[in-house]
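Just need the whole structure built from these sequences, with the hints factored in.
Sequential numbering of the sequence shown, starting at 87, is according to the numbering used here.
One thing to keep in mind: the hints can contain errors.
[Unchecked claim] Pairs of lysine-lysine residues, derived as DSSO-like cross-links and limited to a Cα-Cα distance of at most 30 Å, are as follows: (1) Lys395 with Lys237; (2) Lys237 with Lys338; (3) Lys158 with Lys338; (4) Lys234 with Lys394; (5) Lys147 with Lys90; (6) Lys298 with Lys121; (7) Lys158 with Lys140; (8) Lys155 with Lys234; (9) Lys395 with Lys298.
These are calculated hints, taken from the structure and not from any lab test.
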Amino acid sequence: MKQKIYNLLMVTHRGLLENTFRQVFFSDSGLSPVKTFDDYLSDFYLYLYEARPKYVSADIKGYYLQQIKDEKATPAWLRQTFRRFLLEENRILTEMREALAEYRRQLASAGSGRQLDITLMHVGFAIAWFNQHETSEDRYLFFRSAYKHFKGFYSWPDIDLDDRDVANILEISQGALRTRTSRLCAKVKRLVCELNDALIASLNRQSLDIAKEIYAEPEPDMEAILEELLGQAERELEQYEQIVKLRMEKRKSIRTFEILERKCLRAEKDIAHPCRNLFKLADTSWDFDIEDKTRKPEKSNRVVRMFKKLIGM
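In structure tokens form, the structure reads like this:
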């Protein structure tokens, strides 16, 4: 599929796509490109290879191209799809650059003695850039830490892998795991502080969509976004089969424990039954940091506050 998409875009229909690029940006539209034609074309290549509707759970490469039943319709489809792609990608890039410019203006007007809070745009950019440029192992470790942080629990549930499990699978110590995760958080912090137009322009379409999903809503569902990014990184690991196997073993063990619990409870005759305290103690392994709903909301965004705490700002 990679070769097929490459031949379509870079060889067979390159001229058609370049004409579409010129029509979008060098006509009477008033739009200015943020990237070169070749950069947009490379982004389009990755988009056609990776993209699929959210309702399609299977990892199907080249999904949209496979929906074309008549090959004669391919040129017209490519022209129309590339045009929409250019407009949407350029719109998101422009939004991010304008938001950054506004943030800089606010910093300048606030004076050197005052620092403004970062925005959801910073959060979206940092998450998206990190996901695009880092290795699958580093993404797995960072998003694993971020997911746990945003979910608000102190320790991993018994049905999932804890730090010791992950360290063993990656063949490192738990101390090295913590140090490495901490350094990745520090790296993301630097990204937030160094955000500029050039770094924004380096984001491909998939990354821009991730960033938009975060900054476009006042209260984005960060838990769901991080869970998806964590799952993607995990599936790319060399140790993925080991992870799946160990997770299944742990869940099987928990199910066995739950069956025993139900048997004990059915046999319970009074409040002093010995099984009661056993399972009462077992429940303490789930420690959640429950947010007090009665508190008045703070001025800064909840997601921004939690993100800043994660990366040490």
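When you check the alpha-carbon spacing of Lys395 and Lys237, does it fall within 30 Å?
-> Status holds; Cα separation ~14 Å.
Is the straight-line distance between the alpha-carbon of Lys158 and that of Lys140 30 Å or less?
-> The given pair, whose Cα atoms are some 28 Å apart, holds under the 30 Å limit.
Taken at face value, is the distance from the CA of Lys298 to the CA of Lys395 at most 30 Å?
-> At roughly 22 Å apart (the allowed maximum being 30 Å), Lys298 and Lys395 satisfy the hint.
Is the straight-line distance between the alpha-carbon of Lys155 and that of Lys234 30 Å or less?
-> violated, 44 Å
30 Å Cα cutoff - pair Lys237, Lys338 = holds, 23 Å
Assess, step by step, whether the Cα of Lys147 is no farther than 30 Å from the Cα of Lys90, and give holds or violated.
-> holds, 11 Å
Taken at face value, is the distance from the CA of Lys394 to the CA of Lys234 at most 30 Å?
-> holds, 15 Å
Sort out whether Lys121 lies within 30 Å of Lys298, counting only the CA atoms.
-> Distance of about 18 Å is within 30 Å: holds.
Going straight from one Cα to the other, do Lys158 and Lys338 come out at no more than 30 Å?
-> violated, 52 Å
This entry does not satisfy hints 3 and 8, going by the numbered hints stated previously.
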